[in-house]
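J.: Sequence:
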Amino acid sequence: MHPTPEFNLFDYMYYYNGAGIGAGDFNNDGKIDLFFSSNQGNNALYLNEGDLKFKDVTKEANIPNDGAWNTGVSVVDINNDGLLDIYICRVGNFKSLHGKNQLLICKGIKNGIPFYEDEAKQYGLDFSGFSTQAVFFDYDGDGDLDMFLLNHSVNHEARFAPRSNFINTYDLLSGDRIYRNNGNNTFTDVTSETKINSSSISYGLGVAVSDINLDGYPDLYIGNDFHENDYLYINQHNGTFSDENNQQLMHTSQYTMGVDIADANNDGYPEIFSLDMEPQDPVILKRSIEEDDYDIFQHKLSFGYNYQYSRNNLQYNRRNNHFSETGLYSGVYATDWSWASLWMDFNNDGLKDLFISNGIPKRLNDIDYITFVSSGEMQEKLRMNKLGQNELTLIDQFPEIKIPNKFYLNKGNLQFEDMSDAVENNVSTFSNGSVYADLDNDGDVDVVVNNIDDPVLIYRNNANNKKQRPSVAITLKGSGKNINAIGAKIILFANNAIRTYENFPVKGFQSSMQTPVYVGLYQTKIDSAFLVWPDNTYQSISLSAQQPSVTFSYKKDLPKFNYSIIKNYWKNETKPVVDITAQTGLNYVHHENSFIEFNREFLIPHGISTEGPALAVADINHDGLEDVFVGSSKTFHNAVFLQQPNGKFFQTKQPLMALDSMCEDVDAQWVDVNNDGNLDLVIASGGNEYYGKDEHLLPRVYLNDGKANFKKLEGAFNNIFVTQSCVVPFDFNGDGFVDLFIGGRVVPWQYGKTPQSYLLQNDGTGKFIDVTEKYAKELSNIGMVTNALWFDINKDGQKDLIVSCEWGGIYAFMNNKGTFTKKTLTDKNGWWNFILPVDVNNDGNIDLIAGNLGLNSRLQASDKEPVRLYYNDFDDNGLKEQILTYYVQGKEIPFLGKEELTKQLPGIKRKYLYAANFAKASLEEIFSKEKLKSSQLLTANYFSSAVLMNDGKLNFTTEALPWEAQLSQYRDAVVVDANGDNLPDILLVGNYYDNNIQMGRYDADYGTLLINKGNGKFETSNLNGLQIMGQVRKIRSIKIKNQPSFILAKNNDAVQIIQFESGKSQK
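Take 51 as the starting number for the sequence shown in this note's numbering and just add one per residue.
No wet-lab data here; the hints were simulated from the structure. One thing to keep in mind: the hints can contain errors.
[As the list claims (entries may be wrong)] Each computed EDC-like pair below joins lysine to aspartate or glutamate, with the alpha-carbon atoms no more than 16 Å apart:
(1) K517 <-> E651
(2) K1091 <-> D722
(3) K1067 <-> D1031
(4) K160 <-> D221
(5) K1091 <-> E1111
(6) K757 <-> D813
(7) K1091 <-> E676
(8) K698 <-> D669
(9) K941 <-> E975
(10) K953 <-> D345
(11) K436 <-> D61
(12) K867 <-> D889
(13) K157 <-> D75
(14) K941 <-> D490
(15) K961 <-> E974
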């Protein structure tokens, strides 16, 4: 690359995005050849001479080179003459760049060399604008290939405005396009008819095609840079697309670059992988800008943009038109500034592995670089277009960090192992466009990478060198209008799974590969195999390791493929679940009040203020029907609903309760506190907003007059001024009056300090006295309590108190006639959220289901590499701060970066003027050895949600739940019989959004069933027919019209009531 004062990265922000590759057999000799595009150099065609030797035939092939800025390459036989053509995207109509996109039509092969003429204008495809990549596919099902053109805007800051400003607008240069094939070697722009976005905020860098929902029509995923949403275009079968990003995806990458789509877990449904620029190296990570500031993030949401995080995203297809993003769990979220993502089978084992190209010469997210270019002098020169050679020389002094490309081996269960270090000669480069193909015809796929200012890389695959890991290369001969059968699928039922392969050449970044479909057959037992042609007709095929290459040709009048064969393979055999909320009339929406904890305590890992609402169920008016209390946040009103015989609920008026609307309800219990025969209401107060001895922190008791009218009992509690998590009732001293345990969640304004928890004795009037020190000394400072329950865990006839903690374990306080001793049930310190007692293996001993943070998080904890929180006054200003740390590549580093830390600790900015120096510093150098040593230290070494198996002697073995139950944070659970086998199954609910932006939302769950298989083993299942959306805080069983039902209280969302349909399961 050769930047000049007249044209450089300040003029064109995608100056260093690099160029693409096209792979295909251009001279029809049975070997895959390569075409390379170039930004500032000449495009080039290399013919494969065998044994990975290539010959440059650019001149002989009449490849035009006019000095234009070339980007993406698409290989296609557009006129179906058996000769591969090449479509080249370019940047034009911009400053000194004036090129038009090219369509190089192969006119023949002479002396083994193809030769070309540019006929883009004749075809109507000579677009001149800001093009990234073209995709040829049959979107309208008429049999011929249409074209989607991915374009990109070149102006970021001037385009940040409410998203509604851009809807239904069309930009002539940067808007995406769809061109319909007219069937006569011409194309018509039908963009507006197809209902795709084509605005000036189309920052398109990645595109991939797949039949995402298995309906036989090709869909599109578009990766956009900056603030614009990615697009998930679902084909509507009528020549239009519907963007269903917000309906199917919970969040996406922010600066999306290359994308690819393939079935990564062999269930027949495709996953989506998008790339971003989160560094893997701890030093690079800490010298780079990471996520948006909290306020900016929220501002973007208010403008209509969706949830986006600056890391790679792996969208796991849940087979129900929803995706769970698992990049963190899968271990592929951080690969630095990444471009091409390619799903491919490295070792022919039938699992699709992952290749990622990465690197950029000028790291535009480098904090020191941003500081330099943001200076007043530089900004003035940029505004006046007076950037000179001196400034370019200064920019060149910034370090150029080359990094090696990444190879991830698929280990199953959507987990990947980084095997990059095992790749010989994996040199560090600035790599962009990439392709895979079996270049040497030895039965395994090789990789080719286009680099900036370095020679091309070819990674030779040796997996099948000994011919022990076979594969088959499938060549497809399609119909006359689609000769290479673009859009065809290979479907294998093998090894108790479904393997799908789609024939769409464009993948990764600015590249395409018109090659055979490669299918790995190592240790593969095929039950049946199908070839589905682009028109959705199909034929059964036979594949054998003894036949490494095979060709299939299209035939007319084949039967239509029934996609239910795939869908029914995973038929949900649990009882159908229905949403009956509307039928009940229980229409309550919880609204979270606006309070940004991160503006008060900048360094906390997550919020505490959004842990409501409370939920309680009981018959409170003596009519034999169960009624409901739902809590509220500060400034809103909670609600009491009475059930009627017809199953409808009506909301009662509670004017005296409304007087306390400045309190926040996080837990509640119906309990008769004064023995008058009426169930009263006890509420634990949370919100973490008040501090000191503010009365709004106090728990509350509301007395029931027997007719469901409630009045606050004044003076029920004294001196309980912590943010609470739970209140659980039990008459622990046997005096006939119910007592309480109230769990301390945090000390307001002092996350990290141990809050006090309380064992409270009823004085006989409904008022409560703290007797913790008298009866349960170790309970008072047990930790940050998240949940608790009374349960007779040792079957001695006395209920014990079981407590879960954040930054702690799970503990039982064993009841010995009213006094309590602590017993640790698991020594695994986690962020435990709840415990559910149930005898999962029918051995007569009570086991525990325990919800935790899960494994789909940037925080990965183990005994060797725990997550820690250091709590101390690090800047000696009289206030203590929280320093959250975790391990990256074996090094303990602060979770937050320099910019975030300096908001609370401004001395760090003075100590480390340059982010590069901060990034290299050790923890002890940043915060001092003495301060770290004297800190209150909180530690977590286990984040899996788990079952604690009881051996009958109160020895519990902690066993992680299946991987599908580790993808989000679980907050509650209930026992259900989901399949009619009388074994206790579990319905898990959760998600939690209120984290700092660097952590991101935990949003991957839609309600997960643990199906009990006996002997303490579980398999997971989606709910049959229903997805539970949002953040569920509480779930309770309730009978409605005498039918077992479940009510779910969600944060900042409507209450939901669901039922398992009666009768047998779907087995």
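J.: Each hint: holds or not?
T.: Structure-based check of all given hints:
| no. | hint | in the structure |
| --- | --- | --- |
| 1 | K517 <-> E651 | violated (60 Å) |
| 2 | K1091 <-> D722 | violated (25 Å) |
| 3 | K1067 <-> D1031 | holds (14 Å) |
| 4 | K160 <-> D221 | violated (42 Å) |
| 5 | K1091 <-> E1111 | holds (14 Å) |
| 6 | K757 <-> D813 | violated (25 Å) |
| 7 | K1091 <-> E676 | holds (10 Å) |
| 8 | K698 <-> D669 | holds (14 Å) |
| 9 | K941 <-> E975 | holds (14 Å) |
| 10 | K953 <-> D345 | holds (13 Å) |
| 11 | K436 <-> D61 | holds (11 Å) |
| 12 | K867 <-> D889 | violated (25 Å) |
| 13 | K157 <-> D75 | holds (15 Å) |
| 14 | K941 <-> D490 | violated (41 Å) |
| 15 | K961 <-> E974 | holds (13 Å) |
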